[in-house]
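K.L.:
Residue strings, one per chain:
Protein chains: 2
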Amino acid sequence: MFEAAKVGRSVSKQDFKAQRDELRTQLLEAQRELTESRIPVIVIVAGVEAAGKGEVVNRLNEWLDTRGMQTFAFWDQSDEENERPRYWRFWRTLPARGEIAILFGGWYLAPIEHRFAGHCDDAALDAELARIVDFERALTQDGNLVVKFWFHLSEPDQKARLKELSRDDRSRWKMLPKKSKFSEQYQLFEYIAERVIRQTDRGIAPWYLIEAEDKRYRDLTVGKTLLQAIRARLKQPLPIEPPATADPLELPESTSAQITLLDQLDLSQRLERDEYKTLLKQYQREVNDLAWRAYNQKRSIVLVFEGADAGGKGGAIRRITSAVDARLYRTIPIAAPTDEEKAHHYLWRFWRHLPRAGHMIIYDRSWYGRVLVERVEGFASETEWRRAYSEINEFEEQLVENGAVLLKFWLQVSEDEQLRRFQDREQTPYKQYKITDEDWRNREKWPLYKLAVNEMVARTSTEYAPWTLVEGDDKPFARIKVLRTLCERLRTALDNSAAPVPGSGITRCGYQTTQEAT
Amino acid sequence: MFEAAKVGRSVSKQDFKAQRDELRTQLLEAQRELTESRIPVIVIVAGVEAAGKGEVVNRLNEWLDTRGMQTFAFWDQSDEENERPRYWRFWRTLPARGEIAILFGGWYLAPIEHRFAGHCDDAALDAELARIVDFERALTQDGNLVVKFWFHLSEPDQKARLKELSRDDRSRWKMLPKKSKFSEQYQLFEYIAERVIRQTDRGIAPWYLIEAEDKRYRDLTVGKTLLQAIRARLKQPLPIEPPATADPLELPESTSAQITLLDQLDLSQRLERDEYKTLLKQYQREVNDLAWRAYNQKRSIVLVFEGADAGGKGGAIRRITSAVDARLYRTIPIAAPTDEEKAHHYLWRFWRHLPRAGHMIIYDRSWYGRVLVERVEGFASETEWRRAYSEINEFEEQLVENGAVLLKFWLQVSEDEQLRRFQDREQTPYKQYKITDEDWRNREKWPLYKLAVNEMVARTSTEYAPWTLVEGDDKPFARIKVLRTLCERLRTALDNSAAPVPGSGITRCGYQTTQEAT
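If you read the sequences in order, they're chains A and B.
The opening position of the first sequence corresponds to residue 33 in our numbering, with each subsequent residue numbered one higher.
The opening position of the second sequence corresponds to residue 33 in our numbering, with each subsequent residue numbered one higher.
Warning: the hint list may mix true and false statements.
No distinction is drawn between identical chains; accordingly, a pair holds when it is met within one copy or between any pair of copies.
[Unchecked claim] Straight-line Cα separation of at most 25 Å, DSS-like style, residue types lysine-lysine; simulated pairs:
no., residue 1, residue 2
1, K213, K247
2, K191, K213
3, K247, K195
Hints listed in this document are in silico derivations from the structure and should not be mistaken for laboratory results.
Remember, predicted model here, so these are calculated numbers, not experimental data.
Assemble the whole structure, with the sequences as input and the hints as a guide.
P.N.:
Next up, the structure:
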């Protein structure tokens with residue numbers, strides 16, 4: 033693969049000067065158009081040691097307008113990063129629409145390092161690379177331009193460059209810990225690099241191999257390639273989306289007679305007041321205890337509450353929170369996104385507020401808005417909400433891999449009971465703020481919501497993050513079902529804290545890297 | 033002081049129920065008005081152990097609408113927090129306009145703990161309390177409502193409550209490390225608490241002492257007090273601002289004949305091309321070396337560049353960044369604030385992006401916009417930009433206390449030279465993006481800018497963060513002056529890394545708390 037980057041291309045000083053100013057003018061022009069088109073750009077700078085990745089980035093900082101451009105290196109991980117799913121640190125660096133992020137190594141660094149150090153085998157590396165492909169697809173489908181550079185040096189050239197650098201105090205290379213010195217096993221590194229590039233070189237996010245021996249050739253080629261990639265992206269304002277494919281799970285939207293999961297719920301289930309009081313006390317004690325145990329074991333608890341309007345989400349949530357120490361939980365009601373949030377992938381706002389390990393976080397509505405209200409109201413296009421299912425599954429898998437216990441509740445009420453509650457809200461002073469015209473309008477879309485819920489549950493109820501459907505006509509019954517389910521899941525999860533990381537069961541390369549590297 | 037909170041007030045179950053619903057309705061109504069008026073609210077919950085602070089917060093979460101309300105506890109500090117000025121963790125939790133933040137202990141916890149543990153004396157405690165008063169003043173002047181609750185229990189009542197809690201697994205108290213048990217030295221704790229309350233009980237941010245023996249009385253009183261405070265704030269849409277006082281530094285704005293610091297610069301200073309090349313190479317090598325040393329010593333470098341339009345900021349910055357490893361520095365060009373940023377104090381956006389220890393961060397324009405462009409263009413009111421001087425000094429002091437080396441450069445050019453550069457920019461393709469109509473308009477306000485700069489330098493050039501005025505008509509001269517100044521400051525600062533924390537020289541209570549507490 034690297035043969036093409038070993039032909040010894042070079043550019044004379046004179047040629048470099050002649051081409052530089054023109055290139056710079058064009059890059060600035062392209063950058064301005066990017067900003068206007070609100071296209072986010074991710075540039076990944078990777079490659080062999082001593083290829084001059086830092087020099088290239090300095091060059092880009094010189095040629096481009098630094099407004100709206102940020103550079104990120106991923107050295108030692110902070111404990112805040114360690115206590116969240118691994119990709120949290122990357123989501124933190126994603127550019128807003130119209131901005132550019134230059135990432136040293138990006139999400140490629142950890143898997144390469146781990147494989148190089150022998151912490152995982154090729155199969156685990158491949159599993160992680162598959163995740164990367166999914167991640168980059170999600171980014172490009174969301175409009176990002178992803179440009180990946182791999183800088184290559186032949187073994188003799190690298191040796192010579194390192195020798196030169198070792199005489200120079202100004203080199204980062206000298207400061208790296210021994211274990212990160214890829215150059216000492218050039219063959220192994222090349223083997224891994226080739227595997228990584230081959231598996232992640234997709235049309236939507238291609239790798240560009242750059243011969244790094246001649247610095248002028250290297251920098252000019254990077255500039256020209258970037259310019260070309262930006263121009264191509266500008267001509268194609270929307271990412272190519274595959275047509276939605278029909279599959280067995282798909283439901284016709286036109287019918288309201290469709291039988292859904294929700295129709296099979298027995299909403300007549302009830303709980304007597306005395307029994308309710310006894311069970312409430314019992315489960316609240318247990319939830320309190322389990323929340324402390326989770327804190328001590330550094331396991332996060334993530335609860336998602338979705339449900340029909342007036343389905344009883346708030347009441348169920350309060351029965352949990354009133355039992356838990358106020359310093360341990362956080363309720364996140366999902367409101368309209370801010371402009372910073374709108375300028376990113378729709379999952380960005382949820383990544384952004386992920387708690388540190390050991391805390392309970394309760395989402396009052398959640399990322400499922402994408403496949404519920406945004407789908408029904410047409411705020412998201414069909415391709416957008418369709419691809420959201422797998423994006424959500426991937427997101428939740430990462431949460432669970434990180435040790436979170438994730439529970440998702442759908443609270444369902446009958447149309448009659450909802451009507452009764454709406455009327456009650458209008459009549460009770462301190463409940464009035466809960467009812468708006470929108471609630472009445474949503475009621476008319478009941479059949480559409482039912483179909484959306486049905487598909488959501490079918491597509492996102494996974495072994496590691498199952499949905500619990502809650503019969504909500506009787507509030508005591510619903511609250512106890514929520515509490516009991518929560519206690520049961522936590523009990524099981526926390527007892528097995530010594531067990532291997534849950535999730536899909538696939539071992540992936542790249543976890544818990546704490547060493548420093550380029 | 034606490035006598036008033038020891039009179040044994042109580043509320044019967046019946047009375048509580050009778051008052052609760054009405055209070056709740058009123059609180060919700062007040063909260064809605066707060067949101068509409070875009071007033072941010074900070075509620076601090078502090079007091080003796082076992083007073084039920086967690087219960088009170090749970091109660092507020094039950095009574096209020098949790099949308100737009102967040103609770104924060106300040107337990108163990110993360111390394112990301114440790115590597116930034118101490119108040120970074122508080123700035124992270126400040127509510128946006130129209131939202132509510134409930135803080136356990138808030139900025140009071142660390143100084144109380146430190147004084148209690150004997151890590152500092154009363155004088156150091158007082159110094160920290162003075163900082164708190166400044167901080168809370170800045171918040172209230174920016175529109176925040178700050179409500180501080182102190183929950184009190186007499187020693188026998190506390191002992192009884194702790195005994196009760198110790199029989200109960202559900203108590204946070206049992207999990208606290210021994211050292212944090214304030215209750216074991218009740219007298220000392222009361223002494224410190226009284227000092228803290230006395231010195232920070234200001235009209236703009238008063239303390240409310242709440243007798244915590246009877247839980248119903250406690251919760252009702254908190255609810256009513258909060259309601260009262262919100263209502264009072266709603267009636268007074270703008271914070272009271274003292275009239276701007278004339279002082280020796282003040283300059284008449286009407287005159288353009290005023291002699292300023294800038295007039296005293298010798299703009300004719302020049303550097304020959306050969307000398308420039310030699311010095312540039314020499315200082316760039318040194319900057320590279322010093323940046324690595326700073327990284328290894330975990331000292332941040334913060335550079336602020338302000339200057340006339342076309343004053344050469346960009347060129348000077350590039351002469352630094354091209355010498356430093358791209359992984360070590362970040363350039364932050366200050367653009368228009370986002371809506372999240374506009375919803376906070378104007379310094380919030382700068383706190384937000386503070387780097388972790390050991391990195392170089394370069395501000396291309398900065399928080400000084402408040403006293404420059406915002407002053408001259410009238411974007412900030414006179415009281416706003418006037419109080420910005422001390423807010424900025426306080427901010428910079430915290431940066432320096434945290435170990436940052438802070439340098440501020442003002443790049444000045446003559447009117448003639450500026451004109452020449454404007455014309456050059458219009459004629460050079462890749463420089464055209466740098467020149468806008470606004471630049472031409474700003475030029476007409478030259479005398480006003482000169483006065484603003486003069487006052488800025490006079491009021492914010494401190495021993496720990498001095499301004500360097502740079503004669504910018506000759507670019508080589510200016511660039512070398514910037515590089516030389518940077519090298520000199522870094523050399524001195526890094527040599528003295530073992531010296532005591534720089535800054536105002538005042539020892540303050542509350543540093544480097546890592547222990548857990550309420």
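K.L.:
Indicate, hint by hint, whether the structure satisfies it.
P.N.:
To see whether the hints hold, each was checked on the structure:
1. K213 - K247: within (22 Å within a copy, 63 Å between copies)
2. K191 - K213: within (12 Å within a copy, 60 Å between copies)
3. K247 - K195: within (17 Å within a copy, 73 Å between copies)
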